[in-house]
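Construct the entire structure; sequences and hints are all you get.
2 protein chains.
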Amino acid sequence: MNFPSRIIENAVNEFAKLPGVGRKTALRFVLHMLRQDENQVNLFSESMQKLKKELKFCKNCFNISDNELCEICSSYKRDHTLVCVVEDIRDVMAIENTGQYNGIYHILGGIISPMDGIGPTDLNIEPLIEKAKNNQIKEIIMALSTTMEGDTTNFYLYKKLNTFPVIVSTIARGISLGDQLEYADEVTLGRSITHRTLYETNLK
Amino acid sequence: MNFPSRIIENAVNEFAKLPGVGRKTALRFVLHMLRQDENQVNLFSESMQKLKKELKFCKNCFNISDNELCEICSSYKRDHTLVCVVEDIRDVMAIENTGQYNGIYHILGGIISPMDGIGPTDLNIEPLIEKAKNNQIKEIIMALSTTMEGDTTNFYLYKKLNTFPVIVSTIARGISLGDQLEYADEVTLGRSITHRTLYETNLK
Numbered sequence: 002m003n004f005p006s007r008i009i010e011n012a013v014n015e016f017a018k019l020p021g022v023g024r025k026t027a028l029r030f031v032l033h034m035l036r037q038d039e040n041q042v043n044l045f046s047e048s049m050q051k052l053k054k055e056l057k058f059c060k061n062c063f064n065i066s067d068n069e070l071c072e073i074c075s076s077y078k079r080d081h082t083l084v085c086v087v088e089d090i091r092d093v094m095a096i097e098n099t100g101q102y103n104g105i106y107h108i109l110g111g112i113i114s115p116m117d118g119i120g121p122t123d124l125n126i127e128p129l130i131e132k133a134k135n136n137q138i139k140e141i142i143m144a145l146s147t148t149m150e151g152d153t154t155n156f157y158l159y160k161k162l163n164t165f166p167v168i169v170s171t172i173a174r175g176i177s178l179g180d181q182l183e184y185a186d187e188v189t190l191g192r193s194i195t196h197r198t199l200y201e202t203n204l205k
Numbered sequence: 002m003n004f005p006s007r008i009i010e011n012a013v014n015e016f017a018k019l020p021g022v023g024r025k026t027a028l029r030f031v032l033h034m035l036r037q038d039e040n041q042v043n044l045f046s047e048s049m050q051k052l053k054k055e056l057k058f059c060k061n062c063f064n065i066s067d068n069e070l071c072e073i074c075s076s077y078k079r080d081h082t083l084v085c086v087v088e089d090i091r092d093v094m095a096i097e098n099t100g101q102y103n104g105i106y107h108i109l110g111g112i113i114s115p116m117d118g119i120g121p122t123d124l125n126i127e128p129l130i131e132k133a134k135n136n137q138i139k140e141i142i143m144a145l146s147t148t149m150e151g152d153t154t155n156f157y158l159y160k161k162l163n164t165f166p167v168i169v170s171t172i173a174r175g176i177s178l179g180d181q182l183e184y185a186d187e188v189t190l191g192r193s194i195t196h197r198t199l200y201e202t203n204l205k
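Going line by line, the protein sequences match chains V and W.
Position 62 (the first sequence) corresponds to 63 in my numbering; numbering is contiguous.
Position 105 (the second sequence) corresponds to 106 in my numbering; numbering is contiguous.
Bear in mind the hints are in silico, worked out from the structure with no lab data behind them.
Hints are supplied without guarantee of correctness; some may be wrong.
Copies of one chain are not kept apart here, so a pair can be met inside one copy or by any two copies together.
Using 20 Å as the maximum straight-line C-alpha spacing, the simulated EDC-like pairs for lysine to aspartate or glutamate come out as follows [claimed, not checked]:
| id | residue 1 | residue 2 |
| --- | --- | --- |
| 1 | Lys57 | Asp67 |
| 2 | Lys18 | Glu47 |
| 3 | Lys54 | Asp67 |
| 4 | Lys60 | Asp180 |
| 5 | Lys53 | Asp38 |
| 6 | Lys18 | Asp38 |
| 7 | Lys161 | Glu127 |
| 8 | Lys25 | Asp89 |
| 9 | Lys18 | Glu39 |
| 10 | Lys53 | Glu10 |
| 11 | Lys25 | Asp92 |
| 12 | Lys51 | Glu39 |
| 13 | Lys161 | Glu140 |
| 14 | Lys25 | Glu187 |
| 15 | Lys161 | Glu88 |
This structure is a prediction, so every number in the text was calculated from the model and none was measured.
This is how it looks when you write it as structure tokens:
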């Protein structure tokens, strides 16, 4: 694309670095920004700079936080011996939305992905192992994606945590609500039978 | 969505104002920005501010330009009596890419759209009429979208320009390259027959 101005070209290039944004969409964003008044554009660029300058990470769970400890880690109502391992804050938000979880989290900041050059040392794995080693936690729930990378990370963590007195579990894999059995893939369906849930009956 | 931090929430809200970006995509963008180093984030926000502060519009055609007159308007190789009326700079870029046009442009900065509260006075229509009135141009080619709004704008401009000694034309509507006739809509197919192109033969 030949842009009529270098300023436009720079702005398009910056927007095009966002995930899933090509140069056509980036140009659409830039033209939208051009139509805004200067105040609005300043607000936008300030909020970006604040992201890097003012944002803190919880020193316990590496969640994004406005303070030293995040709201979850500083809550006395939470079970601090139960830790859910997730990839990033989107997963924390998703699990929090369910209202079903009362433990704390540990955010890895990504998953092991050799294709993207992300190895175990790039993630917050060491602090998790420290916690397990220091006997601070009873159970670790792995809640990572069911992708190749997620499984690799699961396996790596399991191997590392194996030697410490901590229960390691993983979230249930199975048929989603509303899914039809005939369209489910074999692996999921197979797992859903292997890991079936028992109804509570008098027999038990 | 409940965000763990106000800074994140602000940044997500800013991104979500972009066209076609919802809050989930906005959060994805924000997390991407968080993974960048500070230098990169500064580059991004600076390029946004430059957009508003340093960008000029060509005083002749209202194209985006680094100087008073854009490259096209200041080129002596261009036919300055042939003006192509377009909606925004994306259309200029698209037409320039064809390499088939040698005239200059006139950028309206939008099209008449009562639904979005855009009337004729919000667009660069008056300067176009001035140019026609002052006998500066021979032909005006209308190259607006084939939407309701595009047609309204076409009609409005045609009515305004009607009284001046200038030829008004519109880009050809017809079957696109690679289109199959059976799938073309009736209006397009009808127009492509009415405005058929004659082959040059000896008969002529």
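Okay, the hints, checked on the actual structure:
no. : hint            : verdict
1   : Lys57 x Asp67   : within (6 Å within a copy, 39 Å between copies)
2   : Lys18 x Glu47   : both (19 Å within a copy, 15 Å between copies)
3   : Lys54 x Asp67   : within (12 Å within a copy, 32 Å between copies)
4   : Lys60 x Asp180  : neither (39 Å within a copy, 59 Å between copies)
5   : Lys53 x Asp38   : between (24 Å within a copy, 8 Å between copies)
6   : Lys18 x Asp38   : between (24 Å within a copy, 13 Å between copies)
7   : Lys161 x Glu127 : within (10 Å within a copy, 72 Å between copies)
8   : Lys25 x Asp89   : between (29 Å within a copy, 14 Å between copies)
9   : Lys18 x Glu39   : between (23 Å within a copy, 15 Å between copies)
10  : Lys53 x Glu10   : between (24 Å within a copy, 14 Å between copies)
11  : Lys25 x Asp92   : between (30 Å within a copy, 12 Å between copies)
12  : Lys51 x Glu39   : both (18 Å within a copy, 10 Å between copies)
13  : Lys161 x Glu140 : within (14 Å within a copy, 76 Å between copies)
14  : Lys25 x Glu187  : neither (39 Å within a copy, 30 Å between copies)
15  : Lys161 x Glu88  : within (17 Å within a copy, 60 Å between copies)
Checked against the numbered hints listed earlier, the structure breaks hints 4, 14; every other hint is satisfied.
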